[in-house]
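Visitor: Can you make the complete structure from the sequences, with help from the hints?
Protein chains in written order, with the numbering used here: chain A, 97 to 458; chain B, 331 to 708; chain C, 9 to 315.
Hints were generated in silico from the structure; no laboratory data involved. Treat the hints with caution; some may be incorrect.
[Stated by the list, open to error] Subject to a maximum C-alpha distance of 20 Å in a straight line, what follows is the list of computed DMTMM-like cross-link-like pairs (lysine to aspartate or glutamate):
no., chain 1, residue 1, chain 2, residue 2
1, B, Lys508, C, Glu279
2, B, Lys353, C, Asp187
3, C, Lys127, A, Glu326
4, C, Lys127, A, Asp339
5, A, Lys207, B, Asp542
6, A, Lys248, A, Asp393
7, A, Lys327, C, Asp153
8, A, Lys220, B, Glu522
9, A, Lys344, A, Asp393
10, A, Lys344, A, Glu326
11, B, Lys519, A, Asp446
Just so you know, these numbers come straight off a predicted model, no measurement behind them.
Spelled out from the first residue to the last, the chains are:
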Amino acid sequence: MTLKTLLTGATVALGLAAGAVTPALAQDDKTKVGFIYVGPIGDGGWTYEHNQGRLALEEHFGDQVETIYQESVPEGADATRAITQMALNGADLIFTTSFGYMDATVAVAEKFPDVKFEHATGYKTAPNLSTYSARFYEGRAIQGHIAGKMTKSNIVGYIASYPIPEVIRGINSAFIHARKANPDVEFKIIWAYTWFDPAKEADAATALIEQGADVILQHTDSTAPQAAAEKAGGVVTFGQASDMAEYKPFPRVSSIIDNWKPYYIARTQAVIDGTWESQQVWDGIGPGMVGIGEITDAVPAEVKEEALALKDAIASGDHHPFTGPLKKQDGSDWLAEGETADDGTLLGMDFYVEGLDAEIPQ
Amino acid sequence: MGDGGSAPLHRHEGAPMRVRLEKRPQPSRRWLYLSPLLAVLVTMLAGGALFAALGKNPVEAIATIFWEPLFGEFAFYYRPQLLVKGAPLVLIAIGLSLGFRAGVWNIGAEGQYIIGALAGAGVGLAFYPLDAWFVFPLMVIAGAIGGLAWGMIPGLLRVRFGTNEILVSLMLVYVAEKLLAAMALGPMKNPEGMGFPGSRNLQQYPSAHNADLIADTGMHWGAVAALIAVIFAYILLGRHVLGYHIRLTGQAPRAARFAGVDPARLVLFCLGVSGALAGLAGMFEVSGPAGQVSIDFNVGYGFTAIIVAFLGRLHPFGIALAGLLMALTYIGGEIAQSNLGLPAAAIQMFQGMLLFFLLAVDLLTNYRLRLLPRPETA
Amino acid sequence: MMDLSSISPILLLASIMAASTPVLLAAIGELVVERAGVLNLGVEGMMITGAICGFAFAVNTGSPALGFLAAALGGAGLSLLFALLTQFALANQVASGLALTLFGLGLSALLGQGYVGIKPPPTARLDIPVLSDIPFLGPVLFSHDPMVYIALALVAAVWAGLKYTRAGLILRAVGENHDAAHALGYKVVRVRVLAIAFGGACAGLGGAYLSLVRVPQWTEGMTAGAGWIALALVVFASWKAGRVLLGAWLFGGVSVLQLNLQAAGVALPVEYLSMSPYLITILVLVIMSADRSRAPASLTRIFHASQ
Numbered sequence: 097m098t099l100k101t102l103l104t105g106a107t108v109a110l111g112l113a114a115g116a117v118t119p120a121l122a123q124d125d126k127t128k129v130g131f132i133y134v135g136p137i138g139d140g141g142w143t144y145e146h147n148q149g150r151l152a153l154e155e156h157f158g159d160q161v162e163t164i165y166q167e168s169v170p171e172g173a174d175a176t177r178a179i180t181q182m183a184l185n186g187a188d189l190i191f192t193t194s195f196g197y198m199d200a201t202v203a204v205a206e207k208f209p210d211v212k213f214e215h216a217t218g219y220k221t222a223p224n225l226s227t228y229s230a231r232f233y234e235g236r237a238i239q240g241h242i243a244g245k246m247t248k249s250n251i252v253g254y255i256a257s258y259p260i261p262e263v264i265r266g267i268n269s270a271f272i273h274a275r276k277a278n279p280d281v282e283f284k285i286i287w288a289y290t291w292f293d294p295a296k297e298a299d300a301a302t303a304l305i306e307q308g309a310d311v312i313l314q315h316t317d318s319t320a321p322q323a324a325a326e327k328a329g330g331v332v333t334f335g336q337a338s339d340m341a342e343y344k345p346f347p348r349v350s351s352i353i354d355n356w357k358p359y360y361i362a363r364t365q366a367v368i369d370g371t372w373e374s375q376q377v378w379d380g381i382g383p384g385m386v387g388i389g390e391i392t393d394a395v396p397a398e399v400k401e402e403a404l405a406l407k408d409a410i411a412s413g414d415h416h417p418f419t420g421p422l423k424k425q426d427g428s429d430w431l432a433e434g435e436t437a438d439d440g441t442l443l444g445m446d447f448y449v450e451g452l453d454a455e456i457p458q
Numbered sequence: 331m332g333d334g335g336s337a338p339l340h341r342h343e344g345a346p347m348r349v350r351l352e353k354r355p356q357p358s359r360r361w362l363y364l365s366p367l368l369a370v371l372v373t374m375l376a377g378g379a380l381f382a383a384l385g386k387n388p389v390e391a392i393a394t395i396f397w398e399p400l401f402g403e404f405a406f407y408y409r410p411q412l413l414v415k416g417a418p419l420v421l422i423a424i425g426l427s428l429g430f431r432a433g434v435w436n437i438g439a440e441g442q443y444i445i446g447a448l449a450g451a452g453v454g455l456a457f458y459p460l461d462a463w464f465v466f467p468l469m470v471i472a473g474a475i476g477g478l479a480w481g482m483i484p485g486l487l488r489v490r491f492g493t494n495e496i497l498v499s500l501m502l503v504y505v506a507e508k509l510l511a512a513m514a515l516g517p518m519k520n521p522e523g524m525g526f527p528g529s530r531n532l533q534q535y536p537s538a539h540n541a542d543l544i545a546d547t548g549m550h551w552g553a554v555a556a557l558i559a560v561i562f563a564y565i566l567l568g569r570h571v572l573g574y575h576i577r578l579t580g581q582a583p584r585a586a587r588f589a590g591v592d593p594a595r596l597v598l599f600c601l602g603v604s605g606a607l608a609g610l611a612g613m614f615e616v617s618g619p620a621g622q623v624s625i626d627f628n629v630g631y632g633f634t635a636i637i638v639a640f641l642g643r644l645h646p647f648g649i650a651l652a653g654l655l656m657a658l659t660y661i662g663g664e665i666a667q668s669n670l671g672l673p674a675a676a677i678q679m680f681q682g683m684l685l686f687f688l689l690a691v692d693l694l695t696n697y698r699l700r701l702l703p704r705p706e707t708a
Numbered sequence: 009m010m011d012l013s014s015i016s017p018i019l020l021l022a023s024i025m026a027a028s029t030p031v032l033l034a035a036i037g038e039l040v041v042e043r044a045g046v047l048n049l050g051v052e053g054m055m056i057t058g059a060i061c062g063f064a065f066a067v068n069t070g071s072p073a074l075g076f077l078a079a080a081l082g083g084a085g086l087s088l089l090f091a092l093l094t095q096f097a098l099a100n101q102v103a104s105g106l107a108l109t110l111f112g113l114g115l116s117a118l119l120g121q122g123y124v125g126i127k128p129p130p131t132a133r134l135d136i137p138v139l140s141d142i143p144f145l146g147p148v149l150f151s152h153d154p155m156v157y158i159a160l161a162l163v164a165a166v167w168a169g170l171k172y173t174r175a176g177l178i179l180r181a182v183g184e185n186h187d188a189a190h191a192l193g194y195k196v197v198r199v200r201v202l203a204i205a206f207g208g209a210c211a212g213l214g215g216a217y218l219s220l221v222r223v224p225q226w227t228e229g230m231t232a233g234a235g236w237i238a239l240a241l242v243v244f245a246s247w248k249a250g251r252v253l254l255g256a257w258l259f260g261g262v263s264v265l266q267l268n269l270q271a272a273g274v275a276l277p278v279e280y281l282s283m284s285p286y287l288i289t290i291l292v293l294v295i296m297s298a299d300r301s302r303a304p305a306s307l308t309r310i311f312h313a314s315q
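Guide: Now the structure itself:
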């Protein structure tokens, strides 16, 4: 180790000690935006897309904004500490990108009333805490339509993560539109109990393919199901959370892309302008939060046209994926003809629609 | 003891001198205390080299990890966090150390931690929203019993069938993790949680909350329990006949049997106590810093505690210090991640290196290195 | 609605062959190590190191074969640290093995930083001509990738080696009574180091199979306990090579079966189904522990020549 490094290190140490005397204030000109990630930025899915949002911030605002992040932060006490650390380090706006950070975010938001917090997929708010989420079920509708039309065995496999409303919404939406496209279609569902575990996802995909599925939908974040589908041959898949373009044009025929860029830029601008207010945002295809990845030519031309038309209809609000007449799985009535589901029911969805043959694990 | 001096039995080939390892009649007292310090120092050097290889300033990184949480800008926040992180480690490690001394290898503390948390949280949630003084004590008892029961499974299997407790206790960790997920998604799910997984937050239920005894000091009941456990273990090992049995069984199993030690009872005691302590740690954590039963509740304390136990040389006071040291590497590591962009994996490696160097340096405690001149060939 | 007829037995059995390969490789390596009298709990660490070494090499060179080679070397290299600790520094084997696992997990996570989400070069499937067309047996036995066959060949080689060769005899002697073996002039330390390296190489191959064939992808901690299962398998097999194969099939079978049962709509709660491989392992361990007398007598005892 050179003398220079040694001296630099000593200076740093002294500086750190001296810093204990001066109170930490938020940086004067630069707005500091912090991100807490639940996974590694290289996961190619959920966290990757949030990080893309962060990079878009840096690109858009240049020197005006400084971003910091911490990845693979476990939920619980460690999350509280990580968020507190960011606030102590002078962050003006902090995005916590996993549902499991909810209580930690609420607790830290209380302690730092001057810092703005944004919690993804949560439901608790405060004067300095907003929540935001995406209407992924809109993307599922399109996937369901393509799946219904493209399956030859009439069996569609679904790799689900956890039996929470978001996942159940996705299954229902996909199923409704698959059935509409193909009245004989059946769904087989495996619960992986993970958001990201390539080995488990590969196994689940293989099991579904062995059971006759020739289309696989997934609510887990890795590319393992695409790889398994590629290995088996003749199985259609969809990218999840990110485009998963390396599996184009087949087996990946389309994808749902989480696009947080416009939202992150808008919220950061609001902090800079001083117009930031607490809100609960749930955006879909229309505002651009849910992107539909390129529908490849492996999809027959008329199916592709129908899918794109469906996408436009959803984006403009002409079509709501949950439109009656719809019944619940137990046969009871849910939506009357023309009636659409309200956000409240959707947010707490804990039932399957009629026609789905499985049971939600309790 | 020691050979007569003819052909060398343990030799480094090609060395100009012969290096011989001689077993010390008794572990060197000096090295007993020096070796952990030496191990830490060597780890700092090796760790520094690692950080340099990653393109980070090694001195800055080491300073951030070891100095910053104690004396840095925000130390007022981080010092209590040391207790938060260290208390469960010490509590679990004390229990493990008793078993390790006796040759009972409980590798499943993580599972006992989870089951203790589930038992304690279960009792707490069952009483919700009742406001009563007895809720928390009942949770404590439940947590201890839960962990004890889970630890007794490998214990009973070993005593009855001779099954290896390492593997059974470890398999049970995976079973416990699945059970945790099942509980967080099913019976313990918060009915007012909009269908999302996870139980009610116990931090918001005053009768069940494991709050800091003095606000913001990190000193919750788990820290108190850890302290009690350290003292209890010290007394047990030093003054009580059971402690004597434990030490004897570890060092000379045959002699122990002749001395009348019942191996079965000892195994059950060790696994039961370590299970109970791990269960308590889990219970204090779920009702305190973590707050709720969630799928990702467990973060590996049961395994890190193994490092802490060895780092503390299986001695109660050593474990207390080792626990704080490990906590320091965790907290400091997080700061280094945030401030220096040091990858989380580097800290994991750092902790693994610590155990490695400790085991290597331990050689000097039990064996003496002798340099001997090469013998004249006849 | 339960529809067990939708489970194709052919595909299921073929799946089991592939699913059991990683643990089979790791277990047969560990079996050799334990027959030499050393308990290496670091199998998980060596497997995951092999997984990342194999993955990184395969991605950088474009050749999965080179990847597997690198995985074997990586696993062996890591195991030499364990050998250093236990054979030269005379450290406690249990603690050393655990240290190896923790270190290996951290090392692999660090090495794997740039490789998350990358697609590795595909490993070709060997469709053995003629044989793979036999109905039922064909797809089940003869249409796998080369590693499956290498693993099986390795099991056969270890069995034959231990039973019939001089080297195998020496290894077993060292495992049964290292003091006597030393007195007879066998180089105990050398034999053990070689055995440890072999075990490391096998574990590395097993890990690489996960990252290059089975998933195929790299993620931190992707072995998810496979190393520990391999250790259990060695006990289950009463330290006999042939039984390791049975154990691997059993474990692989349960894991694959529970997923298939889920997909078929079987009403058993999912979490309990996913616990089954571990519970069955415990059950098997208990049943086999009556056979404890078959463990190599020197297992875990520290060998120090001057005693």
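Visitor: Take the hints in turn and mark each one as holding or not.
Guide: Right, here's what the structure says about each hint:
1. For the proposed pair Lys508/B and Glu279/C, the alpha carbon gap of about 6 Å is at most 20 Å, so the pair holds.
2. Distance check on the hinted pair: Lys353/B and Asp187/C sit about 16 Å apart at the alpha-carbon level, within 20 Å; holds.
3. Of the pairs offered as hints, the one joining Lys127/C and Glu326/A holds, with about 12 Å between alpha carbons and a cut-off of 20 Å not exceeded.
4. A C-alpha spacing of about 14 Å is found between Lys127/C and Asp339/A, which places the hinted pair at or below 20 Å, so the restraint holds.
5. Between the alpha carbons of Lys207/A and Asp542/B the distance comes to roughly 16 Å, so the proposed pair stays at or under 20 Å and holds.
6. Taking the CA atoms of Lys248/A and Asp393/A, the gap is about 17 Å. The hint holds against a cut of 20 Å.
7. With a C-alpha separation of about 12 Å, the suggested pair Lys327/A and Asp153/C falls inside the 20 Å cut-off, and the hint holds.
8. Distance restraint check for Lys220/A and Glu522/B: the Cα-Cα separation of roughly 12 Å lies within the 20 Å cut-off, and the hinted pair is therefore satisfied.
9. Simply put, Lys344/A and Asp393/A have alpha-carbon atoms about 10 Å apart, close enough for the 20 Å limit, and the pair holds.
10. Annotation: proposed proximity of Lys344/A to Glu326/A holds, straight-line Cα distance about 11 Å (limit 20 Å).
11. In summary, the hint linking Lys519/B to Asp446/A is supported, as the alpha carbons are separated by about 13 Å, within the 20 Å threshold.
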